[in-house]
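Peer 1: Top to bottom, those sequences are chains A and B.
Numbering follows full-length UniProt numbering, in which position 251 of the first sequence is assigned residue number 251; successive positions increment by one, without gaps.
Numbering follows full-length UniProt numbering, in which position 229 of the second sequence is assigned residue number 229; successive positions increment by one, without gaps.
Watch out, some of these pointers could steer you wrong.
[Stated by the list, open to error] Listed below are several chain B residues computed to face chain A (Cβ distance under 7 angstroms; list not exhaustive):
hint, residue
1, R111
2, T152
3, V153
4, P157
5, T158
6, V160
7, L163
8, G170
9, P171
10, M175
11, G285
12, I289
13, T292
Calculated from the structure, these hints are not laboratory results.
The beta-carbon is built from N, C-alpha and C at its ideal position, and this holds for glycine as well.
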Amino acid sequence: MLYYLTKRLGLSVVVICLVVLLLFSLLHLIPGDPATIALGPRATPEAIARYAEKMHLDEPVWRQFLIYIGNAATGDLGLDVFSDRPVTAIILERIGFTLALVAAGMGWAMLLGIPLGCLAAVKPNSWLDRVTGVLSVGTIAVPSFLVSIWALLIFAVHLRWLPAIGAGEPGDLGDQLAHLVLPAFAIGLSWVGYLARMVRASMLEVMGENYIRSARAFGLRPRRVIFGYALRVAILPTITLIGMGFGGMISSTVFAEIIFARPGIGKLIFDAVMARNFPIVQGAVLVATGLYILVVLFSDILIAWFDPRVRESL
Amino acid sequence: MSENPSEPETGIPAIDATGLPDHMSEAEIRESAARERREKLRMFLTNWQGLTGLILVTLFFASAIFASWIAPYEPNALDVPNRLSGPTWEHLAGTDQLGRDTLSRILHGGRVALKIAAIGVSVSLVVGLILGMIAGFGPRWLDSLLLLLFDTVRSFPTIVLALATVALTGPSLGMVLAIVIITSIPQYARVARTATLTLRNTDFILAERSLGASMGRTLLHHVMPNVVGPLLILAAMDVPVVVTVEAGLSFLGLGVLPPTASWGTILNEGYLVIRDAPWMVIAGGIPLILTTLGFTFLGEALRDIFDPRMGKGR
Numbered sequence: 001m002l003y004y005l006t007k008r009l010g011l012s013v014v015v016i017c018l019v020v021l022l023l024f025s026l027l028h029l030i031p032g033d034p035a036t037i038a039l040g041p042r043a044t045p046e047a048i049a050r051y052a053e054k055m056h057l058d059e060p061v062w063r064q065f066l067i068y069i070g071n072a073a074t075g076d077l078g079l080d081v082f083s084d085r086p087v088t089a090i091i092l093e094r095i096g097f098t099l100a101l102v103a104a105g106m107g108w109a110m111l112l113g114i115p116l117g118c119l120a121a122v123k124p125n126s127w128l129d130r131v132t133g134v135l136s137v138g139t140i141a142v143p144s145f146l147v148s149i150w151a152l153l154i155f156a157v158h159l160r161w162l163p164a165i166g167a168g169e170p171g172d173l174g175d176q177l178a179h180l181v182l183p184a185f186a187i188g189l190s191w192v193g194y195l196a197r198m199v200r201a202s203m204l205e206v207m208g209e210n211y212i213r214s215a216r217a218f219g220l221r222p223r224r225v226i227f228g229y230a231l232r233v234a235i236l237p238t239i240t241l242i243g244m245g246f247g248g249m250i251s252s253t254v255f256a257e258i259i260f261a262r263p264g265i266g267k268l269i270f271d272a273v274m275a276r277n278f279p280i281v282q283g284a285v286l287v288a289t290g291l292y293i294l295v296v297l298f299s300d301i302l303i304a305w306f307d308p309r310v311r312e313s314l
Numbered sequence: 001m002s003e004n005p006s007e008p009e010t011g012i013p014a015i016d017a018t019g020l021p022d023h024m025s026e027a028e029i030r031e032s033a034a035r036e037r038r039e040k041l042r043m044f045l046t047n048w049q050g051l052t053g054l055i056l057v058t059l060f061f062a063s064a065i066f067a068s069w070i071a072p073y074e075p076n077a078l079d080v081p082n083r084l085s086g087p088t089w090e091h092l093a094g095t096d097q098l099g100r101d102t103l104s105r106i107l108h109g110g111r112v113a114l115k116i117a118a119i120g121v122s123v124s125l126v127v128g129l130i131l132g133m134i135a136g137f138g139p140r141w142l143d144s145l146l147l148l149l150f151d152t153v154r155s156f157p158t159i160v161l162a163l164a165t166v167a168l169t170g171p172s173l174g175m176v177l178a179i180v181i182i183t184s185i186p187q188y189a190r191v192a193r194t195a196t197l198t199l200r201n202t203d204f205i206l207a208e209r210s211l212g213a214s215m216g217r218t219l220l221h222h223v224m225p226n227v228v229g230p231l232l233i234l235a236a237m238d239v240p241v242v243v244t245v246e247a248g249l250s251f252l253g254l255g256v257l258p259p260t261a262s263w264g265t266i267l268n269e270g271y272l273v274i275r276d277a278p279w280m281v282i283a284g285g286i287p288l289i290l291t292t293l294g295f296t297f298l299g300e301a302l303r304d305i306f307d308p309r310m311g312k313g314r
């Protein structure tokens with residue numbers, strides 16, 4: 001386990017370094033002066049000089065890279081071009097909205113998708129199984145940003161049941177929750193399908209195993225056999241799926257935040273891109289990617305913990 | 001991460017061709033192959049998902065190719081007196097802020113989607129195939145390096161990568177294509193690599209090698225035909241992803257630029273007037289959903305028929 005852990009951690013560190021390198025080189029690969037690119041065409045010469053000095057642009061590129069890595073490792077991601085506030089502080093302010101949205105979206109998808117897949121597997125070819133099958137293909141195929149737009153149209157603009165934009169009044173939990181419903185619905189919908197399908201497939205496999213038959217033969221109640229024994233094993237591939245799908249989740253979160261004007265990381269990156277506020281883009285993309293790599297790492301370790309065979313495969 | 005090359009369960013259907021019983025004559029072999037083809041065709045024709053998929057996909061191709069003939073108006077023709085008109089007999093899907101006919105724009109938007117899908121999917125399939133075969137057949141260190149590269153690319157959430165790049169280069173069709181290709185190469189490469197690894201030690205490849213066939217000849221004439229099948233199925237399932245990425249980026253104003261009609265730009269323009277002209281986001285979303293559903297249905301039906309094992313563990 002320790003060997004696997006070291007190797008897996010090493011891989012993540014390498015990936016993070018490559019991501020940092022990519023982000024850093026983006027600014028330098030584009031022809032032209034990095035300061036002018038970062039600050040945009042409207043920047044004054046003084047601002048450019050100040051930025052060049054701050055970012056150590058007069059140093060050789062490899063030194064700049066090392067400085068950038070060193071700063072990023074200590075939590076210093078530079079200063080916002082417009083407000084001069086630290087990028088780290090701005091990201092910390094916004095990240096809560098994104099995490100809440102991802103948790104809510106994944107949460108309702110799991111609460112609905114996993115039992116649905118379970119029940120479909122317990123009674124194959126029943127009406128519930130058929131409905132689940134059609135539903136999962138349908139929800140997987142519909143792009144999540146379209147779900148966001150249509151949900152906004154139906155529930156906020158047309159029916160006026162829920163608020164359309166923003167994240168709610170600070171301090172008013174009810175209002176914040178009401179603002180969370182539509183985006184969470186939109187990013188979770190396709191996951192209901194994924195999860196139901198995945199759980200169904202692995203449950204069908206597990207239900208044929210000998211130990212499930214033994215558990216039945218002992219006279220355990222079906223509910224206990226299904227949820228207590230079969231699901232525990234069948235859930236493993238689903239954990240991997242959730243971990244790997246987190247990148248897609250980040251993408252749909254970006255869309256949901258933009259469409260519902262929710263002030264999370266995705267909206268932050270988008271606005272910064274539009275304003276060509278490069279320190280924010282660099283910092284926020286790094287944080288978003290880092291978050292993703294952490295989740296994948298966590299799910300891989302969880303799987304290795306559950307299933308010893310995985311440990312030998314790296 | 002590692003696929004055991006000697007594992008008998010490969011999921012590559014075509015390998016079986018070498019394992020035919022000796023007592024069968026060539027005519028018998030040919031007849032049994034023809035029977036199998038008829039059987040597969042019958043399976044496909046009785047599969048409602050596959051048929052629906054085929055119809056939708058045909059519709060997508062036909063409407064995109066013949067857009068100029070079917071569309072009632074020029075996509076950018078202005079009809080200012082009728083601006084923001086709802087669905088009427090004159091404008092079946094209404095008009096936008098400039099009085100352009102939404103239906104005509106949707107039909108022409110299909111062309112953009114088709115172009116991106118065709119170029120994006122074929123380039124990533126070919127590059128993925130080559131890289132995957134190299135990884136599977138080449139030396140160990142090259143394999144590890146390529147795997148690491150695939151993992152790094154995969155660990156970048158697509159939209160975040162797109163946002164970071166577009167921040168510097170500005171939006172363009174070429175950029176969308178580049179992002180689509182880079183992010184979908186790894187999945188083709190991984191499937192090709194696994195398939196190549198399992199082929200590497202089969203008798204007919206070893207025989208070919210011992211006869212002195214060059215690496216290139218072996219890969220091109222003997223490995224590739226056996227690897228390409230699963231990749232084609234993957235390609236059908238990849239089209240929805242590519243079309244969605246294009247529409248999504250164009251929706252954010254980071255892809256196809258106005259006034260060019262694309263499903264994404266129609267949704268973007270519709271989103272801005274969602275309160276006054278809801279038909280734009282409705283009409284703009286329907287072709288997107290039909291296309292993604294069509295290719296997903298078709299891809300899954302093909303996978304179930306030709307490669308039942310591939311469905312497991314997804």
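Peer 1: For every hint, state whether the structure bears it out.
Peer 2: Hint by hint, here is what the structure shows:
1. R111: Given a least distance of 19 angstroms, the restraint on R111/B is violated.
2. T152: Check passed: Cβ of T152/B comes within 5 angstroms of chain A, closer than 7 angstroms.
3. V153: Violated: closest Cβ of chain A sits about 9 angstroms from V153/B, beyond 7 angstroms.
4. P157: With a minimum Cβ separation of about 4 angstroms from chain A (threshold 7 angstroms), the hint on P157/B holds.
5. T158: 5 angstroms, holds
6. V160: Holds - the Cβ of V160/B comes within 7 angstroms of chain A, reaching about 5 angstroms at its closest.
7. L163: At about 5 angstroms, which falls below the 7 angstroms cut-off, the nearest Cβ of chain A leaves the hint on L163/B intact, so it holds.
8. G170: At 10 angstroms from the nearest chain A Cβ, G170/B fails the 7 angstroms test, so the hint is violated.
9. P171: 10 angstroms, violated
10. M175: It is violated, given that the least Cβ distance between M175/B and chain A is near 12 angstroms, above 7 angstroms.
11. G285: Holds, about 5 angstroms.
12. I289: 6 angstroms, holds
13. T292: Cβ of T292/B sits 4 angstroms from chain A, so the hint holds.
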